[in-house]
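Colleague: Below, each chain spelled out in residue letters.
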Amino acid sequence: MDRRDILAANPVEQRRGYMPGVSVDPGRLLFTAGMTGRQPDGSIIPGGMAAQTQRTMERLQAILQHAGAHFSQVIKQLLYITDMEAHAASGRAVRAAFFGAARPASTALGVRRLADPAMLIEIELVVDLPDSPAGRPLLEKYNVENHGLDFAQGVIVNGGRLIYLAGQVANNPDGTVAGVGDWRRQAEKVYENIGHVLQAAGATPAHAVKETTWVRDIPSWRQHGPDVRRAFYQGDYPASTLVEIAGLAQPEFLVEIEVIAAVAR
Amino acid sequence: MSYTTITPADAKPVANYKMATRMEGGRLLYIAGQVARDIEGNVLGVGDIRVQARQVFENLRQVLQAAGGDLADLLKITTYITRLEDFPAVAEMRRSFFPGELPASTLIVVQSLAQPELLIEVEGMAAIG
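Chains A and B, in that order, are what the protein sequence lines are. Residues in the first sequence are numbered consecutively from 325, following my numbering. Residues in the second sequence are numbered consecutively from 194, following my numbering.
Careful, some of the hints might be misleading.
Label-pair distances were calculated between CB atoms; the ranges are [as the list claims (entries may be wrong)]:
hint	chain 1	residue 1	chain 2	residue 2	range
1	B	Asp203	A	Ala555	42 to 52 Å
2	B	Asp231	A	Ala417	20 to 30 Å
3	A	His390	B	Thr198	40 to 50 Å
4	A	Ala425	B	Glu251	21 to 31 Å
5	B	Asp231	A	Asp551	41 to 51 Å
Computed footprint of chain B on chain A; a stretch qualifies when at least three of its residues, placed anywhere within it, have a C-beta under 8 Å from a C-beta of chain B [as the list claims (entries may be wrong)]:
hint	segment
6	371-379
7	574-581
Rather than coming from a laboratory, the hints here were simulated on the basis of the structure. Fair warning: this is a prediction, and the values are worked out from it, not measured in the lab. The beta carbon of each residue, even a glycine, is placed where N, CA and C say it ideally should be.
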């Protein structure tokens with residue numbers, strides 16, 4: 325807990341509700357899954373952007389509370405939004421009420437669709453937690469709801485060394501693309517590559533903290549990706565976010581997955 | 194340098210970036226997505242990806258320097274663009290800011306950024322000190 329808000333020479337962001345940068349001494353960090361306006365029965369709360377944002381923030385608040393944290397300790401927020409105008413009109417103010425005077429570093433992206441086509445917004449957070457990591461397990465993966473899905477809603481890293489992977493795509497070591505037009509083969513190759521990178525960094529799939537899956541088409545991913553993912557994590561899931569986007573670095577790539585992991589110091 | 198570059202034998206990057214970085218010490222800096230806005234909030238280089246890309250990487254460097262670091266301290270960057278056809282120009286501009294190897298990197302083509310005029314946004318994390 326030694327947060328510094330970083331303002332650049334031209335602090336245009338100061339008036340926009342976020343900081344250009346936030347640095348911390350990374351003793352204990354919480355990574356949340358991307359959260360949405362989902363209700364306990366699995367449906368998306370009615371009422372549009374304002375209602376979805378409110379529900380999303382309340383669910384994030386529960387995840388933070390479980391870790392003894394508050395929105396003032398958020399260092400980064402990532403917003404995935406399917407309707408940018410609606411967010412500016414009615415989502416932003418809802419979020420601001422939760423943050424009060426606190427200013428995290430922030431990124432807002434307009435994406436094509438989220439896990440459920442009714443979702444208008446998804447938010448994930450990185451949070452600086454109080455207290456010493458001493459005597460705690462490296463990772464604490466937890467849920468605050470019985471969602472029954474294959475991810476943890478929060479993952480706490482206690483004093484580990486963070487590993488940031490480049491976004492992994494289905495490329496072979498010789499630079500060619502594996503499984504052109506083949507979702508399953510690309511999923512296999514991407515997780516194979518993630519496995520190689522984690523191993524080289526001294527980690528295993530169980531050390532994954534946060535996963536972001538960027539796909540060209542969510543229904544196709546749903547058909548072919550989850551089996552491969554399940555075999556990779558074997559029940560020990562990170563916090564995760566699934567987003568459909570307009571494109572990746574090469575037109576052949578159907579999926580790109582980035583992972584943050586942590587190993588003991 | 195407060196991080197180790199991870200170079201797996203069995204998986205290679207598709208361009209000149211690091212496959213992963215492992216933070217070994219220092220302070221962890223999270224940088225907001227940087228866009229080509231001036232101090233008044235006006236978008237610079239409307240319709241011009243080169244002008245926007247240069248401004249974005251300048252902004253990124255400014256934030257790093259304000260935190261006591263520089264571009265070499267970046268663990269990872271994510272580059273969001275709105276048109277895949279802009280990627281070659283972005284890659285060229287990026288190379289001028291990262292003469293060696295890029296940090297761990299992800300490139301995503303999104304539907305839009307916070308304002309319709311914005312063509313590129315770059316965010317990153319760094320290990321400072």
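Colleague: Taking the hints in turn, state whether each one holds.
Modeller: Tested hints:
no. : hint                            : verdict
1   : B:Asp203 x A:Ala555: 42 to 52 Å : 18 Å, violated
2   : B:Asp231 x A:Ala417: 20 to 30 Å : 25 Å, holds
3   : A:His390 x B:Thr198: 40 to 50 Å : 35 Å, violated
4   : A:Ala425 x B:Glu251: 21 to 31 Å : 29 Å, holds
5   : B:Asp231 x A:Asp551: 41 to 51 Å : 49 Å, holds
6   : 371-379                         : violated (count 0)
7   : 574-581                         : holds (count 3)
Hint check: violations occur at hints 1, 3 and 6; the rest are consistent with the structure.
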